[in-house]
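Note that the protein sequences, when read in sequence, are chains A and B.
Everything in the first sequence is counted per the numbering used here, starting at 965 for the first residue and increasing by one.
Everything in the second sequence is counted per the numbering used here, starting at 965 for the first residue and increasing by one.
The set of hints was computed from the structure by calculation and includes no laboratory data.
Just so you know, not all the hints are guaranteed correct.
Which copy is meant is left open, because identical chains are indistinguishable; a pair holds if it fits in one copy or across any two.
[As the list claims (entries may be wrong)] 30 Å max Cα-Cα, derived BS3-like pairs, lysine-lysine:
1) 1164 <-> 1202
2) 1258 <-> 1119
3) 1258 <-> 1202
4) 1202 <-> 1092
5) 1092 <-> 1258
6) 966 <-> 1119
The primary structure of each chain is shown beneath.
There are 2 protein chains.
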Amino acid sequence: MKIGFVGTGIMGRPMAGHLQAAGHELLLVQHRSPVAEELLAGGATVCASADDLAAQAEIVILMLPDTPDVERALFGAQGVVAGLRPGTCVVDMSSIDPIATRDFAARIAAAGGDYVDAPVSGGEVGAKAASLTIMCGGSEAAFARVAPLFAVMGKNVTHVGDVGAGQVAKVANQIIVALNIEAVAEALLFASKAGVDPDKVRAALMGGFAASRVLEVHGQRMIDRTFAPGFRIALHQKDLNLALSSARALGLALPNTASAQQLFSACVARGGADWDHSAMVQALEALADHAIAKVGA
Amino acid sequence: MKIGFVGTGIMGRPMAGHLQAAGHELLLVQHRSPVAEELLAGGATVCASADDLAAQAEIVILMLPDTPDVERALFGAQGVVAGLRPGTCVVDMSSIDPIATRDFAARIAAAGGDYVDAPVSGGEVGAKAASLTIMCGGSEAAFARVAPLFAVMGKNVTHVGDVGAGQVAKVANQIIVALNIEAVAEALLFASKAGVDPDKVRAALMGGFAASRVLEVHGQRMIDRTFAPGFRIALHQKDLNLALSSARALGLALPNTASAQQLFSACVARGGADWDHSAMVQALEALADHAIAKVGA
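Isolated chain A (complex conformation) (with noise of 0.2 Å):
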């Protein structure tokens, strides 16, 4: 298939690499990273502008780091929208507002091509491996045509609905993920202050209800002060700002996704902007200054 592929940074490379290794011609679009060396030697063309890609290809994908840059690609002078023949696909795996997501798919559909939203999670590793989850929403159709390009980029696939659900459940993981790293923290540093080995309360928790994927990775983390990302705090804001957001326009209170929102700032202001998003424990110790530490260590 021929796939106009916009966004071929840290996670886009990879992903467009596995397209290409599968048999697919790949279009590309110098964008904010220079094309990699390696899709031009696998055959891909540069095409001067995005909608000049568009006018090409059967499906544009676009991988980009937030709202305006997916609206400026999409929109924008010279933007995909422009070259975009009619039932041309647009797959969003960018993580972006939701609700925008709705008005950029409608205004697809209005120029005549269909929208697929499908944003990912299992961050460089994931994108090397092809082994991300996508999230995807669109219509049956549409997720039908693009699901085989899907099957070689990841591994757990869910068609969650229409268009704009990849996008919710996805700000929804990241709510669940930042708050489980929340909820780990408090308890943790709870055990460490009272002079208990976290380590052991850890493996004597790992076995009931309170059991996680985040108690299992990233408390470990906060055990062995490892907060080299990982996926960093600045990148976990800017998706809890999307959540935030999305919930003021729905008429929702997140209380304690915006309170987790406040300790990445505070390990912001610390100069963690690119710690992994498990150093968040270190704002609820400089609140009780002390720091988790294994009995005895």
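Fit chain B to the known structure of chain A by using the hints.
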């Protein structure tokens, strides 16, 4: 072994039954609940008071509702300490204040006894099935002495640390469970209010970093609207109260635990003291004027 068992209510009754079935001799005392027929039929002796029970027992187990109940049973009029013989081990399996526990243990030690705190999770179902998770604090020697009894009542038995460590682990467990419930409630309510099927979102998220026992079990309850307990909000409020009062004593801020406690209070204000703790979502729903519903349901 001659085991004095104080507190044969909903939890203690089946736990004492397992000990009796394993061949131990039970000494009981009339406390809140009437002495169970099946324990009497099994050969249990009813003592006049707790000091009388303690005078005859090798091990005294307590399974009582809250900190003041344990204090009264141990140190009140005709309490355990009045009859305690040197070398007797007091095992408190109630879920109570970790800091008070250390004080109780010191007073029992001054009277010549040993002390193990061993709160459980798993509820009435786990008590009946002898599948309780048991989190223990105490010396190596005291733990080794009573561990065979724990093996009769539970499955996941951990010696977390010194006296009080069991209660600290239990509080940590209850913090995480409450905050994971709150996290899942915010995320699924967000999805539902955004018009996306919460069932699909839950399924999409179970494969990734948002996965937890709470998303699995309590998330399903929120979607199915099955709020019969389970574990009652009034009991989880007691546990978060222990967390917050201990945190204050330790010099520690637990912002999201405090927030979750308030949401439980809102449920109680709406008549929900006996709802399952997953019904915390209803406090958030009241704020949003929207209840989680399956799409198309």
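Hint-by-hint comparison with the structure:
1. In this assembly of identical chains, the alpha carbons of residue 1164 and residue 1202 lie at most 30 Å apart only when taken from different copies (24 Å versus 34 Å within one copy).
2. For the homomeric pair residue 1258 and residue 1119, the shortest alpha-carbon distance between copies (26 Å) is at most 30 Å, but the shortest distance inside one copy (36 Å) is not.
3. Only between protomers do residue 1258 and residue 1202 lie at most 30 Å apart by alpha-carbon distance; the minimum there is 28 Å, versus 32 Å within a single protomer.
4. When the C-alpha separation of residue 1202 and residue 1092 is checked against a cutoff of 30 Å, the pair qualifies only within one copy, where the shortest distance is 23 Å, while the shortest distance between copies is 47 Å.
5. In this homomeric assembly, residue 1092 and residue 1258 never come within 30 Å of each other (Cα to Cα): the closest approach is 34 Å inside a single copy and 35 Å across copies.
6. In this assembly of identical chains, the alpha carbons of residue 966 and residue 1119 lie at most 30 Å apart only when taken from the same copy (22 Å versus 57 Å across copies).
Hint check: a violation occurs at hint 5 only; the rest are consistent with the structure.
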